[in-house]
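*Asks:* Here the sequence shown is numbered in our numbering, starting from 1 and rising by one per residue.
For the record, the hints were derived by calculation from the structure and aren't laboratory data. A portion of the hints provided could be inaccurate.
Stated by the list, open to error - Label pairs and their computed distance ranges (CB to CB):
1. T31 to E7: 45 to 51 Å
2. K13 to P35: 48 to 54 Å
3. P35 to F14: 47 to 53 Å
4. E7 to S33: 52 to 58 Å
5. P8 to V30: 37 to 43 Å
6. T3 to S33: 36 to 42 Å
7. P29 to P8: 39 to 45 Å
8. P29 to T3: 28 to 34 Å
9. W34 to V4: 41 to 47 Å
10. Y32 to H5: 46 to 52 Å
11. E12 to S33: 52 to 58 Å
12. W34 to E7: 54 to 60 Å
13. V4 to A27: 33 to 39 Å
14. E9 to V30: 51 to 57 Å
Please read these numbers as outputs of a predicted model, since none were measured by experiment. Ideal Cβ placement from N, Cα and C applies to all residues, glycine included.
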Amino acid sequence: LATVHPEPEDYEKFIRAQLYDTNYKTALPVTYSWPKL
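Between the sequences and the hints, there should be enough to build the whole structure, so can you do that?
*Replies:* Put into structure tokens, the structure is as follows:
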């Protein structure tokens, strides 16, 4: 595998780029409050 994927220069940066991100955008639709007439 070393010939296909060379050794990363910065291990910490490489590992942090592979980490799973749990910060999702909201799944709820954006709503607008209509003014009362």
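*Asks:* Next step is simple, just say for each hint if it's right about the structure.
*Replies:* We went through each hint and held it up to the structure:
1. In this structure the hint that T31 and E7 lie 45 to 51 Å apart at CB holds, the actual value being about 50 Å.
2. At about 49 Å, the beta-carbon gap between K13 and P35 stays in the expected band of 48 to 54 Å.
3. Restraint check, P35 to F14: a C-beta distance of roughly 52 Å satisfies the suggested window 47 to 53 Å.
4. Judged by the Cβ atoms, the range 52 to 58 Å given for E7 and S33 holds: they are separated by roughly 55 Å.
5. At about 39 Å, the beta-carbon gap between P8 and V30 stays in the expected band of 37 to 43 Å.
6. Between T3 and S33, the C-beta spacing of about 59 Å breaks the proposed range 36 to 42 Å.
7. For P29 and P8, the hinted distance range of 39 to 45 Å is satisfied, since their beta carbons lie about 40 Å from each other.
8. Restraint check, P29 to T3: a C-beta distance of roughly 48 Å breaks the suggested window 28 to 34 Å.
9. For W34 and V4, the hinted distance range of 41 to 47 Å is not satisfied, since their beta carbons lie about 57 Å from each other.
10. Restraint check, Y32 to H5: a C-beta distance of roughly 48 Å satisfies the suggested window 46 to 52 Å.
11. Between E12 and S33 the Cβ separation comes to about 45 Å, which falls outside the hinted range of 52 to 58 Å.
12. With their beta carbons about 58 Å apart, W34 and E7 fall inside the hinted range of 54 to 60 Å.
13. For V4 paired with A27, a C-beta distance near 37 Å keeps the hint of 33 to 39 Å intact.
14. At roughly 41 Å, the beta carbons of E9 and V30 sit outside the given window of 51 to 57 Å.
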